[in-house]
Amino acid sequence: MASVSLKEVSKKFGNITAVENLTIDIKDGEFFSLLGPSGAGKTTILRMIAGVEKPDKGSIYIDDVPVNDVPPKERDVTMVFQSYALFPHKTVYENMAYPLRKRNMPETEVKKIVHETAEILHIRHLLSRLPKQLSGGERQRVGLGRAMVRQPKVCLLDEPLTNLDAKLRVEMRGEFKKICGNLKTTIVYATPDQLESVTMAHRIAVLDKGKLLQCDSPDELYNRPKNFFVAGFIGSPAMNFVDCTFIEEDKKAYLDTAEFRYEITDLAEKIKSRITSSEVILGVRPEHIKISKSIEEGYIQLEVFVSERLRPQIIVDLKAGEKVIKALAPAEFDADIGDKIWVKFEKIFLFDKRTGEEITGGDVAFG
Amino acid sequence: MFLASFKTDLDILTIPPKIFFEPTFDNYIFVFECSYIIKGLINSLIIMGSVIALTIPISMLAAYSFTRFNVGGGQFQFYILTVRMFPPIAAIVPFFVVFRDLGLLDNLLSPIILNTLFNMPFTIWLLAGFIREIQQDLEEAAMIGGATRFEAFYEITLPLIAPALAVAAVFAAIFTWNEFLFAFILTRSEAITVTRVMAGFYTERGILWGPLSACATLCTVPMFILVLIIQKYIVRGLTFGAVR
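Same order as they appear, the protein sequences are chains A and B.
With the first sequence counted from 1, adding 305 to any position gets you the numbering used here.
With the second sequence counted from 1, adding 107 to any position gets you the numbering used here.
Check the hints yourself; a few may be wrong.
[Claimed, not checked] Taking lysine-lysine and the DSSO-like style, the derived pairs with C-alpha atoms no more than 27 Å apart in a straight line are:
| # | chain 1 | residue 1 | chain 2 | residue 2 |
| --- | --- | --- | --- | --- |
| 1 | A | Lys437 | B | Lys146 |
| 2 | A | Lys407 | A | Lys489 |
| 3 | A | Lys312 | A | Lys437 |
| 4 | A | Lys458 | A | Lys531 |
| 5 | A | Lys395 | B | Lys339 |
| 6 | A | Lys437 | A | Lys416 |
[Unchecked claim] Covered by chain A, according to a simulated footprint, are these stretches of chain B (three or more residues, beta-carbon under 8 Å):
| # | stretch |
| --- | --- |
| 7 | 243 to 249 |
| 8 | 263 to 274 |
Hints in this document: simulated from the structure, not taken from any laboratory.
Here a beta-carbon is modelled for each residue, glycine too, at the ideal position from N, C-alpha and C.
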């Protein structure tokens with residue numbers, strides 16, 4: 306187990322900036338996730354930690370030791386590639402034995418460890434096969450097995466579940482969590498799927514276009530997103546965003562949209578001190594919208610656009626001017642297109658339209 | 108050619124061509140008695156073997172450097188490719204002078220050096236194409252698993268490009284075996300090659316068709332055997348493929 310640090314690391318490929326001035330501290334034994342869409346820089350970061358890519362600027366530390374010039378074989382890391390990178394001309398056994406043999410382990414030891422690891426991963430019956438004779442899920446487990454046979458300081462995983470079909474992915478997610486939990490190593494897991502990150506990691510670094518947007522625990526990211534991108538990325542179904550204007554009228558403050566006006570007098574001072582213009586974005590999660598069929602105090606009236614009966618939940622799409630706001634409703638809720646219903650926002654976020662920064666600090670909840 | 112080698116001169120030149128004839132071994136006897144065929148065969152085999160032994164390892168390492176490290180940033184690669192485009196006959200006079208001054212005329216070294224030089228662009232280009240097909244992931248996985256760069260190349264990439272190496276070897280072998288120009292200019296009697304031996308059948312008395320056919324048949328046999336041997340490796344290698 307080891308801690309991993311990146312200090313002000315930058316990497317460019319030609320004109321494309323893969324990683325920009327990145328500083329991340331990963332704790333010893335932590336399950337750390339790099340989350341972001343394609344092009345965020347996740348794979349580049351993993352490769353730099355592994356040693357197959359050198360940063361243009363900045364330093365990488367493993368256990369507080371700078372490793373910029375240390376070759377991969379001496380870093381004591383293992384990696385599971387997105388493509389699995391299994392050696393096609395070697396059997397499953399030989400693939401898994403490779404790192405052990407490179408450490409000059411006696412063959413009896415090698416055999417024991419490979420068999421044990423294969424047992425855990427349920428691939429013992431595949432040991433004499435070649436990679437081309439395996440299914441996607443089997444190959445993925447061999448890739449994982451090859452990374453697990455040693456007890457490395459750091460285990461790097463690059464989107465290991467991406468190439469699996471949807472059903473298998475859900476199955477493997479649970480198994481992964483169990484297997485990784487038993488490994489006593491620091492794990493760095495890159496994925497574009499926020500669900501994977503949120504269910505498995507202790508902390509997540511949210512990245513976009515090479516920049517770090519927020520690095521926090523899943524709960525913090527969900528409850529207190531620091532900016533627009535993070536708020537929209539974490540949570541499923543995604544947060545709703547509505548453009549509004551912050552106005553003050555008759556000693557009261559409102560968020561004004563085309564469809565409705567939301568009173569926000571209590572927060573007026575706080576908001577005024579943080580925004581750079583009166584254009585803000587209101588963010589509200591579908592699960593924080595309370596729906597009622599009858600009019601109630603403090604509620605706004607909106608029209609039903611469509612309702613998606615997911616079973617057991619229902620996602621109700623509500624029209625708000627040009628936009629659609631999605632709300633989660635209980636299973637018994639029944640509404641037709643065009644019905645007018647009443648909604649109340651239980652928790653809102655406000656984002657400065659220009660900077661994307663979150664203004665309220667995640668503390669605005671209405672009872 | 109094969110049939111002609113068993114015909115008498117008269118039968119060869121008859122029009123229409125004779126399909127049924129009385130075979131004779133006179134041509135072969137003539138070849139063995141009156142020409143340097145044995146020496147030529149041995150020399151050509153030595154040259155071919157040396158050229159393959161030199162070209163393949165050097166080209167393989169060069170191709171690897173070009174694809175993985177982009178040595179010379181494309182300029183150097185282009186430069187090497189242009190060597191291929193260069194007509195050998197335009198360079199033969201300077202080569203002759205150089206080898207004469209080095210005292211390497213009529214020495215096996217000259218055709219070996221020149222053939223290696225002129226075969227390398229093609230084999231480098233061929234091998235580079237194959238190496239590019241091999242995912243870098245595999246080598247990186249090996250390095251992270253504990254291999255040095257060279258070990259990753261030797262244990263992972265090399266077995267996977269084996270069919271390409273076999274193909275490159277065959278091409279180099281065929282080009283070298285058939286090579287006439289350098290052999291003709293740079294050798295005389297000691298380093299005589301099969302191509303020169305065959306040329307010897309163009310005499311002042313006319314072209315000796317019978318013996319020429321016999322000689323040509325004899326010279327083709329080693330290539331036949333070579334391709335038969337290597338073909339097994341090409342087929343075996345190609346069925347591995349890369350796993351996607």
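Right, here's what the structure says about each hint:
1. A hinted pair counts as satisfied when its Cα atoms are at most 27 Å apart, and A/Lys437 with B/Lys146 does not qualify at roughly 49 Å.
2. Restraint check for A/Lys407 and A/Lys489: satisfied, since their Cα atoms lie roughly 21 Å apart, inside the 27 Å limit.
3. For a cut-off of 27 Å, the pair hint linking A/Lys312 to A/Lys437 is broken: about 40 Å separates their Cα positions.
4. Restraint check: the Cα-Cα separation between A/Lys458 and A/Lys531 comes to about 31 Å, which exceeds 27 Å; the hinted pair is violated.
5. With a CA separation close to 20 Å, the supplied pair A/Lys395 and B/Lys339 stays within the 27 Å bound.
6. Pair hint A/Lys437 plus A/Lys416 holds up; C-alpha atoms about 22 Å apart against a cutoff of 27 Å.
7. Remark: the stretch 243 to 249 of chain B is confirmed as covered by chain A, as 5 of its residues place a Cβ nearer than 8 Å to a Cβ of that chain, reaching the required three.
8. Proximity of the stretch 263 to 274 of chain B to chain A, defined as three or more residues with a beta carbon under 8 Å from a beta carbon of that chain, is established by the 3 residues found.
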